[in-house]
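Novice: What follows is each chain in one-letter form.
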Amino acid sequence: MEPILKVQNLSMDFGGLRALNDLDLDVISGEIVALIGPNGAGKTTFFNCITGIYPPTEGDILITPPGKKTKRINGIKPNKVTERGLARTFQNIRLFPNMTVLENVMIGHHCRMRAGILGAILKDRSTIKEEERVVENSYQILEKIGLSDFVNEFAKNLPYGAQRRLEIARAMATDPFLLLLDEPAAGMNPHETEDLDKLIKQIRDKEGISILLIEHDMKLVMSLSDRIFVVDYGKKIAQGTPAEIKNNKAVIKAYLGEDIDA
Amino acid sequence: MFLTFPIMVIRVNPIEKIIEWRWNNLILVGAGSFLISMVWRYMIERKDYGTRKAEAGEKSDQPPLIQRVMKDKRIYTPFLIIVALFACIFPFVFSMYQTNILITALIYVMLGLGLNIVVGLAGLLDLGYVAFYAVGAYTYALLNYHFGLTFWMVLPIGAGMGTLFGILLGFPVLRLRGDYLAIVTLGFGEIIRLILENWNEFSFGPSGIAQISRPSFLGMDMSVHGAIIYMYYIMIALCLFTIFFVNRLQDSRIGRAWIALREDETACQAMGIDKAKTKLTAFALGATWAGMGGVLFAAKTTFVNPASFTIWESIIILCIVVLGGMGSIVGVIVGALILILLPEYLRAFSEYRMLAFGILLVITMVFRPGGIVSDVRRIYQFKGTAETKS
Amino acid sequence: MDYFLELFLGGLTRGSIYALIALGYTMVYGIIELINFAHGEIYMIGAFTALIVISVLTMMGMNTLAILVIAGVIAVIYSSAYGYTVEKIAYKPLRNAPRLSALISAIGMSLFLQNYVLLAQTSDFLPFPNLIPDFEFMEPYAHIIGSTDIVIVITTAIVMIILTFLIKFTRIGKAMRATSQDKTMAMLTGVDVDRVISVTFIVGSATAAIGGVLIASHVGMINFYVGFIAGIKAFVAAVLGGIGSIPGAVLGSFVLGWTESFATGYISSDYEDVFAFLILVFILIFRPAGILGRSERHRV
Amino acid sequence: MRKSIRKLFVTAVFIIFSVSMITGAACAADTIKLGVAGAHSGDLASYGIPSVKAAELVVKDINSRGGIDGKKVELLVEDDVCKPEVATNTATKLLSQGVNVVMGHICSGATKAALSIYKDANIICMSPSATNPPLTQSGNYPNFYRTIASDDAQAKLEVDYALGVLKVKKIAVLHDKGDYGKGLAEFAKLFIGQDPRGEVVLFEGVTPGAVDYSAVVQKVKRSKAEAVIFGGYHPEASKIVMQMRKKRMKTHFISDDGVKDDTFIKVAGKYAEGVYATGPKDTAKNPMAIAAKKAHQKEYGADPGAFFLEAYAATLALLNAIDKAGSTDYKAIEKALKTEYVETPIGKIKFDDKGDAIGIGFSIYQVQNGVYVEVK
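The listed protein sequences correspond, in order, to chains A, B, C and D. Using our numbering, the first residue of the first sequence is number 1, and each one after it goes up by one. Using our numbering, the first residue of the second sequence is number 1, and each one after it goes up by one. Using our numbering, the first residue of the third sequence is number 1, and each one after it goes up by one. Using our numbering, the first residue of the fourth sequence is number 1, and each one after it goes up by one.
To be clear, the hints were calculated from the coordinates, so they are not data collected in a lab. Be a bit skeptical, because a hint or two may be false.
What the hints assert, rightly or not - Keeping only pairs whose Cα atoms sit at most 30 angstroms apart, straight-line, the calculated BS3-like set for lysine-lysine is:
#1 B/K275 - A/K198
#2 A/K71 - B/K277
#3 A/K68 - B/K275
#4 A/K246 - B/K275
#5 B/K275 - A/K123
#6 A/K71 - B/K275
#7 A/K80 - B/K277
#8 A/K156 - B/K277
#9 B/K277 - A/K69
#10 A/K123 - B/K277
#11 D/K338 - D/K53
#12 A/K219 - B/K277
#13 A/K156 - C/K92
#14 B/K275 - A/K69
Just so it is clear, the structure is predicted and the values come from calculations on it, not from any experiment.
Generate the whole structure from the sequences, applying the supplied hints.
Specialist: Here you go:
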């Protein structure tokens with residue numbers, strides 16, 4: 001099957017520092033793929049390169065949205081990446097704190113709307129319809145995510161776990177085919193993590209959105225992922241199914257240090 | 001608490017120095033310094049009291065008064081009607097002078113609402129807003145002087161020129177963040193003023209352009225009094241239009257994008273919002289209003305010169321927005337009325353009025369950092385819609 | 001060539017003047033990211049205090065050099081006290097408020113201090129005696145550069161070096177750097193953030209006071225409004241150099257001083273300020289964080 | 001708490017509104033209302049406040065002698081901060097209060113803005129200090145008069161003195177980019193250009209408030225100008241003169257009545273020596289001027305400030321015209337102003353068709369031993 005995201009030879013330099021080194025990765029439609037590695041391995045940098053926040057120094061990022069042609073998206077602006085159907089969440093939550101939960105999700109719809117200044121002023125029928133549709137849609141997403149009780153709360157007033165989920169809801173609102181989740185379970189308690197596990201699977205199964213996630217919680221990673229990529233010092237050191245990764249020596253070494261190996 | 005003690009001691013000292021220095025005014029300044037230090041003591045006490053109160057107040061979760069008033073339709077609607085009625089009959093009840101200063105205040109309401117788009121909604125600190133105001137004013141002044149174009153013809157042109165300059169300024173500063181943006185816009189404002197001041201052939205330099213015609217009503221010749229009343233109603237209409245416009249905008253897709261931009265630029269971009277385009281729209285729309293305000297200013301004053309467009313003007317407009325409450329329409333209106341009318345009514349205090357004005361700014365910010373009317377904007381109409389849907 | 005040299009030196013003096021004020025701006029900004037609009041007023045108050053002291057001491061018949069030193073010291077003390085007080089009153093309560101609110105508070109403070117001096121003193125310009133004697137060995141060059149200019153340039157250099165040392169090598173300097181990086185973290189690692197901010201204001205205000213005394217003797221007069229105009233320019237200089245950076249503020253000031261000097265000399269003083277602001281815009285377009293500024297790294 | 005403050009504020013505003021209404025309504029016609037407008041606060045207050053004092057003295061004097069035709073003169077004093085936009089407010093406020101004639105405004109810009117309002121209301125306005133030439137020469141403001149010579153007259157005098165008496169050839173013309181200074185400099189440039197004896201080697205504006213004028217001074221030096229004509233006020237003038245002298249330049253410095261102020265001498269100190277400035281003809285021997293100054297001394301305990309005598313003369317001229325006309329009718333006052341001579345501290349004056357005073361003149365002064373001395 002044709003991968004929907006194909007990253008080839010990706011490298012990223014910051015000054016003299018090589019944060020990513022010749023990385024390859026691919027996601028096939030309908031997959032949940034995890035990207036793991038020790039702290040500072042370059043996982044978030046990898047996300048930032050894909051989503052256009054940093055232009056990569058070398059390499060290709062190719063996407064193939066369902067039913068469309070393959071495109072190279074190196075170095076295009078973040079908003080264009082989102083328009084093409086890649087949505088992300090952030091490691092440190094980046095909601096719009098002084099907007100309501102509903103509005104946060106509505107922002108996600110932005111690039112799928114067309115109302116301009118004139119539309120906003122005149123409130124012609126198509127604009128009204130569009131707004132209604134977006135409100136409706138946003139509400140549905142919030143229901144799926146389980147946040148429908150908080151619709152009119154300020155985002156900043158939500159509990160931590162709910163904020164994480166709201167980020168996912170907001171990303172889903174951009175109508176992506178691939179969702180990039182940066183440590184979605186960080187800071188969650190085991191109960192919340194379990195819910196998240198269900199939620200992510202649900203997103204893949206019911207919405208048909210493929211998922212690429214960075215995560216430290218191994219239990220979650222093992223339970224969710226179809227395939228796992230492991231990076232260390234900006235290099236890919238292993239890839240494979242959860243079972244394969246569990247027994248991979250290089251991975252164990254990277255995680256636990258040299259001593260264990262001996 | 002113990003901090004207030006050194007403050008008082010230190011504060012009084014320089015004044016004593018002045019007494020020493022000004023032998024001839026000894027008694028006068030002595031009494032004055034005593035008064036000032038008394039006022040100062042009083043203020044500090046009040047401040048401490050206020051801070052303690054604020055700390056206590058945070059725990060008791062009470063929604064702001066104005067918010068409650070605005071939520072409650074039973075109070076809100078009659079209130080609006082009264083305001084509207086009052087606004088309608090105002091020029092016939094009050095003197096020409098009152099009407100005139102109210103026109104000035106209304107111009108600032110418009111400017112404030114315009115700047116509110118840029119600063120309040122999109123979060124772009126613009127210290128050169130007055131540049132667009134000047135552009136609008138000179139557009140009318142020059143077109144009127146050279147070609148005799150009338151107010152109504154120039155109003156859209158002035159707005160258009162504002163937009164144009166907004167975009168012109170917008171492009172180079174798009175990359176800048178925060179205070180760098182502020183200082184560049186400040187520079188831009190000064191550049192415009194200096195060009196107007198120095199380029200005599202174009203703008204008649206510092207002596208300005210006089211005898212700009214007032215807006216005419218169906219070609220009728222009007223007395224000053226008539227013209228002022230007419231101007232007043234034009235202003236009321238335009239302000240209503242502005243309020244309508246901004247209100248619609250901020251509840252729209254574009255308005256949401258602005259707020260998102262203000263809240264978190266990176267996340268905003270990651271949500272598929274074109275940062276550059278959004279910023280540019282904000283700048284251009286803000287500038288449009290300033291351009292319109294400028295035309296009105298020229299028409300009201302019938303005289304323009306560069307001295308009216310100094311950086312202080314930008315600062316005052318910014319104060320209106322922040323003092324009133326960033327992003328809040330009602331706040332901006334209240335802010336404009338207070339900041340423009342207050343100095344007029346403070347005339348009785350003549351030389352103390354700017355001092356009082358400065359103190360007022362500090363006090364308001366210290367006690368109500370969110371502005372006089374904060375949080376109001378954030379009540380969105382979607383509430384109702386969403387609930388009915390569920 | 002002579003003409004060029006003269007303009008160059010003129011620009012140097014002007015740059016040093018801006019630098020003395022810009023240093024305070026940049027320090028305060030570096031720590032709490034606030035455009036301290038009242039900084040220019042602190043400078044003005046420093047100059048006024050010095051003037052008052054000078055007048056009193058002259059009446060008492062002291063010799064000029066002693067007066068200069070005493071006036072300078074008292075001006076520094078008072079300005080520091082004012083800086084400290086202003087911070088406590090107008091900025092500290094707003095530490096967690098929106099940044100614009102603090103800015104407005106600063107503007108209010110600036111207005112207040114201006115009018116306070118206007119009312120307590122006078123709206124007229126007051127003559128400020130030039131206490132720096134004409135050095136005799138300078139006489140052959142007096143037509144090119146005056147002794148005041150030299151003193152200003154040298155003082156600027158000294159102040160800059162001291163400040164750099166202060167920040168790089170002392171305990172409080174370390175605390176300042178920590179605070180400017182991350183306030184919360186600094187607090188967690190045991191830095192008394194409030195104290196650090198106070199010290200920053202005091203040091204910044206002291207610099208401004210030194211500037212006030214020297215600049216006033218260079219210009220020869222002061223009134224309540226001098227702070228505002230000089231403050232805006234110094235702020236531009238600080239931004240130009242990369243706000244938050246000490247050498248940046250000095251470099252930015254020199255760039256600004258030279259730009260103005262050469263623009264006046266070779267083009268026209270009509271558009272002197274236009275060039276000053278144009279260079280600002282151009283530099284910021286190509287280096288959005290100023291000449292020596294750290295480019296903001298987005299943490300995502 | 002907040003609510004009560006807000007209530008208090010609203011009430012206060014209403015009270016002020018109603019008070020101003022009542023005062024507006026109460027202006028019955030048994031007094032002659034003389035408006036005095038100008039900068040009474042802000043950085044230009046030092047030019048406006050003396051005019052208020054002058055008006056107070058004149059009015060007090062006249063009222064103590066029974067007023068005009070048995071009517072008392074009432075003063076309405078309003079501040080315009082020298083800002084055009086505020087001046088329109090001031091003007092409408094005066095109209096609302098039923099003003100008959102206005103003495104003011106101080107700055108030319110503010111005057112222009114206010115005049116259009118007075119014109120429509122048929123109010124005569126006389127300024128003691130607005131020197132901008134078009135105010136009278138353009139013919140756009142038939143209701144405007146002034147007791148001060150216009151900029152071009154001063155510029156002419158400065159140029160004639162430089163070329164004729166000082167016999168310099170190369171002149172640098174500087175100005176402060178302001179309304180007044182730049183206007184004057186433009187005229188100076190024009191007059192030098194028309195005169196074969198001299199040439200303008202430099203024409204530049206300096207930025208008011210700048211910390212340092214060395215670059216401009218260098219430029220003057222390089223231009224080899226023998227004299228500088230400066231249009232503007234004393235703060236900039238003293239900075240330029242001081243820097244010129246410190247650079248050991250002996251260039252003549254000629255300026256206008258914005259510099260003919262004792263503050264200039266105080267600030268520039270020894271550097272002020274030899275500086276020329278134009279100012280109204282010496283009034284030291286005019287008995288009315290002496291009396292007026294004395295009255296000021298007695299009343300306020302200090303010497304009068306700038307434009308005091310001009311304002312005194314303007315107030316006298318206006319009230320005299322009302323007296324002669326026997327009414328406050330626009331046409332009648334206009335006729336009286338243009339036909340009847342009146343004795344004032346600045347000489348015996350009447351007004352020409354354009355509104356400029358006939359009978360006043362300017363002369364050149366030089367700083368000698370720390371005082372301005374009229375030179376011939």
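Novice: Work down the list of hints and note, for each, if the structure agrees.
Specialist: Evaluated hints:
1. B/K275 - A/K198: Between B/K275 and A/K198 the Cα gap is close to 34 angstroms, so the pair fails against 30 angstroms, i.e. violated.
2. A/K71 - B/K277: With a Cα-Cα distance of about 24 angstroms, the restraint between A/K71 and B/K277 holds, given a limit of 30 angstroms.
3. A/K68 - B/K275: Holds - the C-alpha atoms of B/K275 and A/K68 are around 26 angstroms apart, at most 30 angstroms.
4. A/K246 - B/K275: Violated, at about 43 angstroms.
5. B/K275 - A/K123: Satisfied, since the Cα-Cα distance of roughly 24 angstroms is no more than 30 angstroms.
6. A/K71 - B/K275: Holds, at roughly 23 angstroms.
7. A/K80 - B/K277: 12 angstroms, holds
8. A/K156 - B/K277: Between A/K156 and B/K277 the Cα gap is close to 27 angstroms, so the pair holds against 30 angstroms.
9. B/K277 - A/K69: With Cα atoms ~27 angstroms apart, B/K277 and A/K69 stay inside 30 angstroms; holds.
10. A/K123 - B/K277: Given that 30 angstroms is the threshold and the Cα spacing comes to 21 angstroms, the pair holds.
11. D/K338 - D/K53: Satisfied, since the Cα-Cα distance of roughly 26 angstroms is no more than 30 angstroms.
12. A/K219 - B/K277: Judged against 30 angstroms, a Cα distance of about 43 angstroms means the pair is violated.
13. A/K156 - C/K92: Since the Cα atoms of A/K156 and C/K92 sit roughly 24 angstroms apart, the hinted pair holds (cutoff 30 angstroms).
14. B/K275 - A/K69: 27 angstroms, holds
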